[in-house]
Amino acid sequence: MITLGLDIVSTAAILFIVSAGLLIVFGVMKIVNFAHGAFITLGAYAALIASQLGLPAIFGPFVAFAAGIAAGGLIEAAIVRRLYARPLDAILATWGLGIVIGQLITLAFGREVQFVPTPISGTLAVLGEGYSVYRLLLVGAALLLGAVFAGLLGGTRLGLATRAVIMNEELAQGLGIDSTKVRLLTFGIGAGLAAIAGALVTPLSSVDPNMGIPWLINAFMLVMVSGGSLVTLALSCIVLGGLQVAASTFVSPILGGLTIAVVAAIALRLRPEGFARG
Amino acid sequence: MTPTKPLTQRLPMLLAGAATFLTLAATAQAADPIKIGVPVGLSGANSVVAPSVVQAAQLAVDEINAAGGVLGRPLALEVADDASGAAGAQKAFDSLIFQKKVNVLISMETSAARNAALPIVTRGKTPYIYTSFYEGKSCSHYMYVNAWVPEQQVPPIVDYFAKEKQAKTYFLIGSDYAFGRGMLGFTKAYIEKIGGKVVGEEYLPMDGSDWTPILSKLKSAAPDALITSTAGGAPNVTLTKQLRAAGLNLPYGNLAVDEGTAKGMGGDAAGIYLSASYLTGIDSPANKTFLAAMGKKFGTDLKTPNDLSVPEYEAVYAYKEAVTKAGTTEESAVLKLLGDIAVNGPRGSIKMNVEHHAPLTMYLGQVQADGSVQVISTFPNVDPGPQCPNLKS
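First to last, the sequence lines map onto chains A and B.
Under the numbering used here, think of the first position of the first sequence as 1, with each following residue one higher.
Under the numbering used here, think of the first position of the second sequence as 1001, with each following residue one higher.
To be clear, the hints were calculated from the coordinates, so they are not data collected in a lab.
Each residue gets a CB set at the ideal place from its N, CA and C atoms; glycine is no exception.
Do not take every clue at face value.
[What the hints assert, rightly or not] Chain A stretches covered by chain B per the calculated footprint, using a threshold of three residues with CB under 8 Å from any CB of chain B:
#1 141-155
#2 193-200
[Stated by the list, open to error] With a straight-line cut-off of 20 Å between C-alpha atoms, the simulated SDA-like cross-links for lysine to any residue are:
#3 Lys1217/B - Arg157/A
#4 Lys1263/B - Ile254/A
#5 Lys1219/B - Val133/A
#6 Lys1219/B - Gly54/A
#7 Lys1219/B - Val126/A
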């Protein structure tokens, strides 16, 4: 029972880490960034390079963030910027972009599966149950990311400008807010967060050019259900992640793999606008 | 009237002309190689081992060509990516058989890919040497198998756990596809036959990477030993990593890990038991020659030869022997001989004479902390048992 609880919390944490970047982009720009999966992969490879260079594991997410923010900024300025008025085209364009990034990674690193060593192995006793330290660490990482994020949006000038752009872009521009810059920064940070997610999940899995794709589907579903707020995203992660773990544990892991997509589809049928306020 | 030259004067010219003609004919034939199709998972789950398979095929082809080819014709490889799955395999086989018109198919593939491809092989009537270990009982008139089946691979591990580790309860984990389910189905039956008990049997889809709920179940079942059979490559790595992260350290037999993957996983793989028909540590002159040739040809790019790549190497030689003996590349003649010829390779002398399968010498090994595999015991000439009793010839 304790293990089940820990499984749910840590699975929710991983889902939150993976979908936070997508949420930011969706929330501010109202476009769905289907290149999100590719940014996750990019981050994983950045962490791989960092570990091959012999940097301590703690640098992995930072290297990944830098790589993600750079790639995201470039792509926003070159491609995505032209598509804000055409959200459906943006979906296609970012999907294509994801394929391009995946192929570039394949060209550079080959198609094969690679490995990043686990920085921390072993278990920690939680209420008498030994549990994977790394998964517990990811719960901490998710909380930290959530807090930094909320602080950034709620407590800084940039956050204020971002929220203004979210609420009414024309009015914000009229007040002298450079919405182009806000969008550039937001997309860059979204990509950077995806890359951090890639770096954080690799020690539990393997690195290959398509590793981001399965995450993308779940992240997309969670962001849609949440409707665009951090709090509801966290809630969706706990509820849907919990259902996934429960289905895997009590029925079959094969069914568990479908849970998030199916439950999200039903939830969106009942409440198309998602579960955020307003 | 033009004076006619006597024959004696014209002879040298005639001879020269004939010689030129013959040389041209020979060149034409030299440029017409025997094509070996290698559909293999360069992307997807098999991408960890596929490059080593291609390297092994390249070495065999180069060696045979350097020694004059087969029936005076050189061998040429046509490698195609099957993306480790059914859809990719259909495309790869279709293009190899009907567009590239290969003479033979020699490759390792996932069972899903093989099953999807077999109807195409039958339609193309192309000989196919399957060089991957698999779950057994896949039968086709056109297919020969020179790798192990469960009857050859599972007993060494289970017997060892039962005798040396006094294991009575077992937990089985696999990828949800033909190989995973087939191997564990056989393992379960074998465990029950020798008086053991299976306390859990769980599967995850092939592209799944989160083993958490399964590992929690494993933990609460607290078995004496664990036996896994995932798809090679990524699932093997994610499962082992998460197993170690969860702090589980019970006797762990892996039916689907190869030496290269074990090495790549670093410390996480240490202690894993595996059972194979090939390990780099086999102490035989043929294996040493093979390893030296591989090292010389590929240098630092060498992918560790393994239980999936060495059968590929030997199968190219098997095809060469069959064609040489048949005197032709004609399919039915070659197919008839593939079950008769013996090949002496790194794994010893191998003959695919038991219902299109081959008796093999099996090795039980354990992964060491440095990633190398130590041979614990050897089981000579293990019979594959009845795999295809309904197959005529």
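Evaluated hints:
no.	hint	result
1	141-155	violated (count 0)
2	193-200	violated (count 0)
3	Lys1217/B - Arg157/A	violated, 49 Å
4	Lys1263/B - Ile254/A	violated, 29 Å
5	Lys1219/B - Val133/A	holds, 16 Å
6	Lys1219/B - Gly54/A	violated, 34 Å
7	Lys1219/B - Val126/A	holds, 15 Å
The structure shown violates the earlier hints numbered 1, 2, 3, 4 and 6.
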